[in-house]
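All chains should be built: construct the whole structure from the sequences, respecting the hints.
Here is what each chain is made of, one letter per residue.
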Amino acid sequence: MDILNALVAFANFVLIPATAYGAQLALGALGVTLIYGVLRFSNFAHGETMSFGAMVVVLVTALFQSWGISLGPLPTALLALPFGIAVTALLLLTTDRVVYKFYRKVKAAPVMLVIVSTGVMFVMNGVVRMVVGTEDRRFADGARFLVNARDFKAWSGLDEGLAIKTTQVITVVVALITVAALFWFLNKTRTGKSMRAFSDNEDLALLSGINPERVVTITWLLVAALATIAGALYGLDKSFKPFIYQQLLLPVFAAAIVGGIGNPLGAIAGGFVIAFSEVTLTYAFKKVITYLSPDSWSPDGLVQLLSTDYKFAVSFAILIIVLLFKPTGLFKGQSI
Amino acid sequence: MTKPDMKKSRAPQYFLAMALLISAVGLLQSWNSALSILNMGLISAIMALGVNLQWGYAGLFNVGVMGFVALGGLAVVLTSMPPVPAAWSAGGGRIVAALVVGVAIIAGAAVLWKKMPKGRTRGLVLTAFLVAGFFLFRFLLDPAVAAIEAVDPAVSGYLGGLGLPVMLAWPVGGILAAGAAWLVAKTALGLRSDYLAIATLGIAEIILAVMKNEDWLSRGVKNVNGLPRPVPNEIDLQNAQWFLDMMTRFGMDPTTGSSIFVKLLYALLFLAVIILIVTAMELALKSPWGRMMRAIRDNEVAAEAMGKNVTGRHLQIFVLGAAIIGVAGAMMTTLDGQLTPTTYQPLRYTFLVWVMVIVGGSGNNWGAVLGGMLIWFLWIEVEPIGAWIVNVITSGMDDGSAFKAGLIERVAYMRYLTMGVILLVVLRFSPRGLLPEK
Numbered sequence: 001m002d003i004l005n006a007l008v009a010f011a012n013f014v015l016i017p018a019t020a021y022g023a024q025l026a027l028g029a030l031g032v033t034l035i036y037g038v039l040r041f042s043n044f045a046h047g048e049t050m051s052f053g054a055m056v057v058v059l060v061t062a063l064f065q066s067w068g069i070s071l072g073p074l075p076t077a078l079l080a081l082p083f084g085i086a087v088t089a090l091l092l093l094t095t096d097r098v099v100y101k102f103y104r105k106v107k108a109a110p111v112m113l114v115i116v117s118t119g120v121m122f123v124m125n126g127v128v129r130m131v132v133g134t135e136d137r138r139f140a141d142g143a144r145f146l147v148n149a150r151d152f153k154a155w156s157g158l159d160e161g162l163a164i165k166t167t168q169v170i171t172v173v174v175a176l177i178t179v180a181a182l183f184w185f186l187n188k189t190r191t192g193k194s195m196r197a198f199s200d201n202e203d204l205a206l207l208s209g210i211n212p213e214r215v216v217t218i219t220w221l222l223v224a225a226l227a228t229i230a231g232a233l234y235g236l237d238k239s240f241k242p243f244i245y246q247q248l249l250l251p252v253f254a255a256a257i258v259g260g261i262g263n264p265l266g267a268i269a270g271g272f273v274i275a276f277s278e279v280t281l282t283y284a285f286k287k288v289i290t291y292l293s294p295d296s297w298s299p300d301g302l303v304q305l306l307s308t309d310y311k312f313a314v315s316f317a318i319l320i321i322v323l324l325f326k327p328t329g330l331f332k333g334q335s336i
Numbered sequence: 001m002t003k004p005d006m007k008k009s010r011a012p013q014y015f016l017a018m019a020l021l022i023s024a025v026g027l028l029q030s031w032n033s034a035l036s037i038l039n040m041g042l043i044s045a046i047m048a049l050g051v052n053l054q055w056g057y058a059g060l061f062n063v064g065v066m067g068f069v070a071l072g073g074l075a076v077v078l079t080s081m082p083p084v085p086a087a088w089s090a091g092g093g094r095i096v097a098a099l100v101v102g103v104a105i106i107a108g109a110a111v112l113w114k115k116m117p118k119g120r121t122r123g124l125v126l127t128a129f130l131v132a133g134f135f136l137f138r139f140l141l142d143p144a145v146a147a148i149e150a151v152d153p154a155v156s157g158y159l160g161g162l163g164l165p166v167m168l169a170w171p172v173g174g175i176l177a178a179g180a181a182w183l184v185a186k187t188a189l190g191l192r193s194d195y196l197a198i199a200t201l202g203i204a205e206i207i208l209a210v211m212k213n214e215d216w217l218s219r220g221v222k223n224v225n226g227l228p229r230p231v232p233n234e235i236d237l238q239n240a241q242w243f244l245d246m247m248t249r250f251g252m253d254p255t256t257g258s259s260i261f262v263k264l265l266y267a268l269l270f271l272a273v274i275i276l277i278v279t280a281m282e283l284a285l286k287s288p289w290g291r292m293m294r295a296i297r298d299n300e301v302a303a304e305a306m307g308k309n310v311t312g313r314h315l316q317i318f319v320l321g322a323a324i325i326g327v328a329g330a331m332m333t334t335l336d337g338q339l340t341p342t343t344y345q346p347l348r349y350t351f352l353v354w355v356m357v358i359v360g361g362s363g364n365n366w367g368a369v370l371g372g373m374l375i376w377f378l379w380i381e382v383e384p385i386g387a388w389i390v391n392v393i394t395s396g397m398d399d400g401s402a403f404k405a406g407l408i409e410r411v412a413y414m415r416y417l418t419m420g421v422i423l424l425v426v427l428r429f430s431p432r433g434l435l436p437e438k
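First to last, the protein sequences are chains A and B.
According to UniProt numbering, the first sequence is numbered sequentially starting from 1.
According to UniProt numbering, the second sequence is numbered sequentially starting from 1.
Errors might be hidden in some of the hints.
Calculated lysine-lysine pairs in the DSS-like style (CA-CA distance at most 27 angstroms, straight line) [as the list claims (entries may be wrong)]:
(1) 326/A x 222/B
(2) 286/A x 212/B
(3) 222/B x 238/A
(4) 101/A x 193/A
(5) 286/B x 438/B
(6) 241/A x 404/B
(7) 286/B x 308/B
(8) 238/A x 438/B
(9) 326/A x 114/B
(10) 332/A x 186/B
(11) 153/A x 241/A
(12) 222/B x 241/A
(13) 308/B x 186/B
(14) 165/A x 287/A
(15) 107/A x 404/B
(16) 118/B x 332/A
Worth flagging that the hints you see were computed from the coordinates, not collected in a lab.
Below is the structure:
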C-alpha cells in the first residue's frame, strides 16, 4: 500500500489534466450558453470561432516572438490574447451584421438560425484553412513546467513525480479571472443586468426600453472574448490544430446542455462534469492500483474502463442521461 | 398558367444544365473525371434524399449523417468480405456471447427500470446492475478481442464478413443505419429540435469511434481493402477478347476504355437505385401518409389534436431517412472498394449533405437530387476553377514568386469557403432552394 504515490499518480494523470480541460470546456460552454440565452439558437460555428480566435493568437504570438518580445517564464500568447479577442470580435460583429441580423428581423425559427450557423461554420473553417493551412503548431514558450517531476521526486522522496505544466496553471488562472469578470459584468453592471433581463423575457425587456441591438452586440463581444480565450488556452495546453476545435463542439455542447443551456453557472459545472468523466473513464488506472494494492500484486491489464477513442461516447452518454432524467440540465436552464 | 406549374417546369432545364456541366468536365478534363463526378454525385443525391425525407417531410434536424454513411460502409465489409475462419475459431464464439450478454444487460436494465418502484433503491440497484454488467461484458469481450486481433494482423486480424454478394450490402447498410437511428430516435425524439441535433452529432462520433477502435469488427484504422465489386475488374476487361473487340470498334484505348466502362456500369446501378427511391418517395408524398407528414411538420399541435401520433410518425420517418443514407453509404464504400474510417469528417459527410438539401430545395425530392449532383460537382470543381483563375490573375508574375505560390496553396482550401457562401446566399435570398416544394 502506498497511498501517497497513488495520489500523486492520480493527480498527475487525472486531477490536473481534467481540471485544465474542464476550465477550457467551461469557457467554451459559456460562449454557447450566452448565444443561446440572448440570440436563442445553438451556434454550430462556435468551434470554428474558437479555432479562429486561437489562430489570431498564434499569428500575433509569432509576430511578437520575431520582434523579441516575451513575457519571461510566461507564454507570449498571453500578450497576444487581447489582439486575438479584438480581431475575433470584429469577425463576429461583421458576421452578425451581414448574416444573422436579417434572420432576427424576420423572426426566423431557431432551427433556421442553426442551419445558418452551419453556413458560417463552413466559411470560418475555410478562412482558417486559407490563412494558416492545416498543420499543427506549437506556440507555447516560456517555462514548460511549474512543478517538475524530477525536482518533486527529489523534494518529496516519492517514486512518483508530480508534474504541473505552466500551461495548465495558466489555463486555470486565466479561466478563473475570465469567469469572475463575466459574472461581475452580468450581475453588477447596468449593461449586464439589461442582458439578463433580455434573456429572461424579451418582450418585457423591450418594453422597459432596453435596446435589443445593443444587447446583441455586447453578447457577441463577450462571446468573442470567451471563445478566443478558450481556444487559445486549449491550443497552449495541447497544440494548435485548426480542426481539433470542431471535435470540441460535442463536449462543449454537452457541457452547456448538461449544466442547463442558457445558464452560465451551469456551463461551468457542465464543463467540469464532462471533463472529469472523460478523463477518469479513459485513464488506465494500472499504476494507481499497483500503488494501492499489496506489495507483489499488480493488475494484468491496463485497468482502463474505455479506450481513449471513446471520450466522445462519455460526453454523449452523460448528455443523454441528463436529457432523459433532467431535461433542463443540472441547473435550471434558459436564463442568464 | 399558375405559378406552381411554372416552377415545376424549371426542373428539366436545371437537370439539362447539370448534364452540360458534367459533359464540360468530360470535354475539358477527361471523361473519367466526369464519370467519377457523376457517380459520387448520384450517391450524394441519395444521401440528400435521405436528409430531405427527415427535414423536408418532417422537419427533423439530423446532423449525424456521417454516422449513418459510415454504418453503410461497415455493412459492406460485414456482408461481402470472406469470413476469416482462424479468427472465428480464435474468439468468434466468445465475441458473439459477449454481444448477446451486452444486449441482455441493457434489456435487463430497462426491465428493472420499469418493474421496480420509483425511488433511490431503484437508482442504486440499476447502477450496480449496469456496473456489474459492464465488467461481465468486458470480461467476456476482452480476451476474445485480443485473440482475434492476433490472427495475422497484417492482413486480417478481424472476423471478416459473411462472404455474400456485395450488392446485398446495400440493403444491409440501410438496415444497420435504421437500427442505429431507431436507438437515437427512441431517446432523443420528443426533445427540442436542437437537442436532437446534438444527439445525432454525438451518435455519429460514437459510430466512428467504434469503427476506428474495434479492430475485430472493421480492422479499425488499418482499413479494409479489396472489397468485392459488383462490376468486372478493369484488368479482367483488358484481357477479355470481347471487350478488346468492342474497344477497337469504338477506336478507344482499352485502358481508358475499361475504366470508363466500369464507371458507366456503376452509374447504371446507382441510377437504378435513385429511380427506385425517388419513385417510392414521390408515391409516399402523394399518399395520405405524405399529407399527414406535411400536416404534422407544418403544425404539430393541430395534427396532434386531430389524433395523429406525432412522435410515432417522427420515429418512423427518422428511421426511414437514416436507412436511405445508410444505403448511400454502402454504395459509396462499394464504389471506393475500401473502408477507411479515418476519412469520415463531419464537414464533408454531414454538413455538405445539408448544403445539398437546402440548395436543391428542401421538401422536393427532385431538388434533393439536383442539389446533391450540383454541390458535389462544385465541391470537386471549385478547386481546379480557382487554380485556373489564380493562374490567369498571376500570369504576369514569375513562377518563383512566394505570393503566387501562396495563392495557389490557399486556393486548395477554397471549397469550404465556397460551400459556406453558397449556403448563406441561398438561405438569405432563396430559402426555398432551386426547386421549391410544390
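Each hint tested on the structure:
1. Proposed proximity of residue 326/A and residue 222/B is contradicted: the alpha carbons are some 41 angstroms apart, above 27 angstroms.
2. In summary, the hint linking residue 286/A to residue 212/B is supported, as the alpha carbons are separated by about 24 angstroms, within the 27 angstroms threshold.
3. Proximity of residue 222/B to residue 238/A is assessed by CA-CA distance (about 26 angstroms); at most 27 angstroms being required, the pair is judged to hold.
4. In summary, the hint linking residue 101/A to residue 193/A is supported, as the alpha carbons are separated by about 23 angstroms, within the 27 angstroms threshold.
5. Using a Cα cut-off of 27 angstroms, the hinted pair residue 286/B and residue 438/B holds, with the two alpha carbons roughly 11 angstroms apart.
6. Of the pairs offered as hints, the one joining residue 241/A and residue 404/B holds, with about 25 angstroms between alpha carbons and a cut-off of 27 angstroms not exceeded.
7. Distance hint between residue 286/B and residue 308/B is fulfilled; the C-alpha atoms sit about 18 angstroms from each other, no more than 27 angstroms.
8. Annotation: proposed proximity of residue 238/A to residue 438/B is violated, straight-line Cα distance about 51 angstroms (limit 27 angstroms).
9. Between residue 326/A and residue 114/B, the direct Cα distance comes to roughly 18 angstroms. Compliance with the 27 angstroms bound is thereby established for this hinted pair.
10. In summary, the hint linking residue 332/A to residue 186/B is supported, as the alpha carbons are separated by about 24 angstroms, within the 27 angstroms threshold.
11. Annotation: proposed proximity of residue 153/A to residue 241/A is violated, straight-line Cα distance about 33 angstroms (limit 27 angstroms).
12. Pair hint residue 222/B plus residue 241/A holds up; C-alpha atoms about 23 angstroms apart against a cutoff of 27 angstroms.
13. Distance hint between residue 308/B and residue 186/B is fulfilled; the C-alpha atoms sit about 18 angstroms from each other, no more than 27 angstroms.
14. Proposed proximity of residue 165/A and residue 287/A is supported: the alpha carbons are some 21 angstroms apart, at most 27 angstroms.
15. Our distance criterion of 27 angstroms between C-alpha atoms is broken by residue 107/A and residue 404/B, whose separation comes to about 45 angstroms.
16. As the CA atoms of residue 118/B and residue 332/A are separated by approximately 23 angstroms, the hinted pair is consistent with the 27 angstroms bound.
Consistency with the previously given hints fails for numbers 1, 8, 11 and 15, ordered from lowest to highest.
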